[in-house]
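**Student:** So the chains spell out like this:
There are 2 protein chains.
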Amino acid sequence: MLTANEPNRKSWIEVESNSDFPIQNIPFGVFIPTDDFTTIGTRIGNTAIDLSALHQLGYFSEIEELPEDVFLQDTLNDFITLGRPMWRKVRNRVADIFDSTNGELKNNTAHKEQILFDVAEVQMLLPVFTQDYTDFYSSMEHAMNVGIMFRGKENALMPNWKHLPVGYHGRSSSIIVSGEDFHRPVGQMKPADAEVPVFGPSKLLDFELEMGFITTDGKHLGDRITTDEAEDYIFGMVLVNDWSARDIQAWEYVPLGPFLGKNFATSISPWVVTLDALEPYRTESPAQDPTPLPYLQTSGKRTFDIEIDAFIEPENSVESKICTSNFKYLYWNISQQLAHHTVNGCNINAGDLMASGTISGPEEANYGSLLELSWRGAKTIKLDGGEERKFLQDGDSLIMRGHCNNGTTRIGFGEVRAKVLPAKE
Amino acid sequence: MLTANEPNRKSWIEVESNSDFPIQNIPFGVFIPTDDFTTIGTRIGNTAIDLSALHQLGYFSEIEELPEDVFLQDTLNDFITLGRPMWRKVRNRVADIFDSTNGELKNNTAHKEQILFDVAEVQMLLPVFTQDYTDFYSSMEHAMNVGIMFRGKENALMPNWKHLPVGYHGRSSSIIVSGEDFHRPVGQMKPADAEVPVFGPSKLLDFELEMGFITTDGKHLGDRITTDEAEDYIFGMVLVNDWSARDIQAWEYVPLGPFLGKNFATSISPWVVTLDALEPYRTESPAQDPTPLPYLQTSGKRTFDIEIDAFIEPENSVESKICTSNFKYLYWNISQQLAHHTVNGCNINAGDLMASGTISGPEEANYGSLLELSWRGAKTIKLDGGEERKFLQDGDSLIMRGHCNNGTTRIGFGEVRAKVLPAKE
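Line order of the protein sequences matches chains A and B.
Taking this note's numbering, the leading residue of the first sequence gets 599, the next gets one more, and so forth.
Taking this note's numbering, the leading residue of the second sequence gets 599, the next gets one more, and so forth.
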């Protein structure tokens, strides 16, 4: 049997040549079709596919162990809990159903009406329920840039940074799906020239270009997941915009880390691209020196070549690309992150989100935040519509798009987008 | 109608004079009775009361809006979502049913067999499902002690500390209920005299004496909860032991805060004592100087007088009290904590846990951690069985007990207990 990744496959559903969603992708998401119910689905080209309807109509009958209601859910969590062999069976079967050589659904108009929807007409929801959201800090270029700005070149990287993937716990309740807008946060800040803190809307609202992986259920509390086992516990990846209010964060974060400067909103893309789909885009991470402790060691291609672009679209204006980064720049790979997270026995669950931290690269054009692109406000970013920015203004939409292209096949994540609404006073 | 708090009330269930659970308490918890199901319940004296059986047998028929299956649940979350007026109705009705003057259940042997259980024979479970766990740092004495140890007396308190209740996000997945033991965490540490980090079991395992409040559903993302509204969003409180591996934490925590040094386990007590039950124990917080910003201001008695004692019980030895603290020592009260947490629009859900941070008091006997009691290992703590401790050893159980006593009535939280099992290598 062909796998979904087979590069020569074509679908009988029309797919534009620059689409993120050819038949080689088959991501998973949750949406509300035109009707009044919620379903798990996938996407080919601009067609959203209702997997619960496919299942109900018997198209998964050969996968005996697939629970009857597994796609008639508000989140992917139950499906994720079934584990990698099942994700793989479903993804490969979907590729078969939509293969251009397969007529079983293609020629059944009545079934197609129940199963296929225009992506523009469905409402995408959060793909998973996340109990725990962790954010790492795994881009050396980003850590260096921030370190230089706030502590000078000599002390830019903290002593622990090259020994472990630094991370912290984020807020799960305020994770929102692409398309949900949010209000500029208000809070307490202390301007450099002020004696006492002030209260008001954040003036230094920023995005952070990140990606995140979504886990399945791990081991029991007390048992660690090794770097070799890690990928078995990872369902797939999404784009993450870890919105940051730099002025709130700067005043609050000592000594326990970011809190209100981050937890007002975190946006993620709606389609989870599986690690299986990312397989053809494996690449090596930057060399690690010093060699990490044994529990963090990995070999071979343990990361992925994923280009991620960010755009600002001011209200009533055009979008402008402000940076291009790549997931492969990260110093610490996802297997190292997960092994570190669980080495003390910390348990993980299906739906947990573990984000990379801001991904910056070696060139200025690769910097993944306005803090770095404007170098803490010292520089101005010129936009295509004539506007200028140092940080985000009300009405600005920030859009991130990510895709892989190995010269043979392109797959992608679509986009994650949200607009900054004015602060509520 | 009498409320549950009425000090002269007595129950027809026997209650020892020093019990934490007289009829004036009526806490809520989740347990597995002798049978093979899970129920929400309450407790009077040493009797666990199955609220789902009470409901099924018609004892709540006068509370019309109470959903049929609300007590036949694995967690309190759905009940909490019903809101304060319902919590109050149920609690007052339970007090009526068990009032010594009421014969309706007292004289019904068949019903009593279905409803009443010996607490020693039921298994307590986690009372709530917690999506988000936040830990504050609201004891000035604790922050001062830690600051003096690590930064010296001059810089003990960070500049932000008296302006806002510093807090951070913790890990929800590893919250465990009293009685669940855990393994000593392993991880990466950097001893003061080492050139490079080492890997192994934590040598500086500590407890943190804390309490936490459990919220109900808050407002929508973007809307804040004011200090005046805050208590309406708080269901009740539990004892919290925020286990800490000091050596793992010291190496990892810059610049993003505690992570693996904390997220291997957090223990909570199983019975949630409602704010209504705590009403007679209201007291004032320490004076705040400087006056906080308006969004953090409160007046009147916005905290509670709750004594909390901690004990070490080495394997095969006796328990020894190691400290006595009090919830009232906290500089920031729970209304300020919740108002701060949501001022940027961060949303909260039923079951969220917000802990106080280590509660230390003015005297050495009030210090709420071994870090402070042993002054970073400089002092030795002598136990009643002849043992000595600076930090926790394998086989040690740490027990915390908390209660209120206003001279008329005593209510309490019972205990939170866990044993340190040896590290898994």
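If you're looking for bench data, these hints aren't it; they were derived computationally from the structure.
Certain hints may be false.
Remember, identical chains collapse to one label, so a pair may be satisfied in a single copy or spanning two.
[Claimed, not checked] Calculated lysine to aspartate or glutamate pairs in the DMTMM-like style (CA-CA distance at most 20 Å, straight line):
1) K899 - E917
2) K899 - D992
3) K817 - E719
4) K1022 - E827
5) K1022 - D907
6) K710 - D887
7) K1022 - D826
8) K817 - E1023
9) K926 - D982
10) K988 - D667
11) K801 - D821
12) K980 - E719
13) K710 - D982
14) K919 - D716
15) K751 - D821
16) K788 - D694
17) K817 - E1013
18) K926 - D992
**Student:** List, from low to high, the hint numbers that the structure doesn't satisfy.
**Tutor:** Checked against the structure, the hints that fail are numbers 1, 2, 3, 5, 6, 9, 10, 12, 13, 14, 15, 16, 17, 18, while the rest are satisfied.
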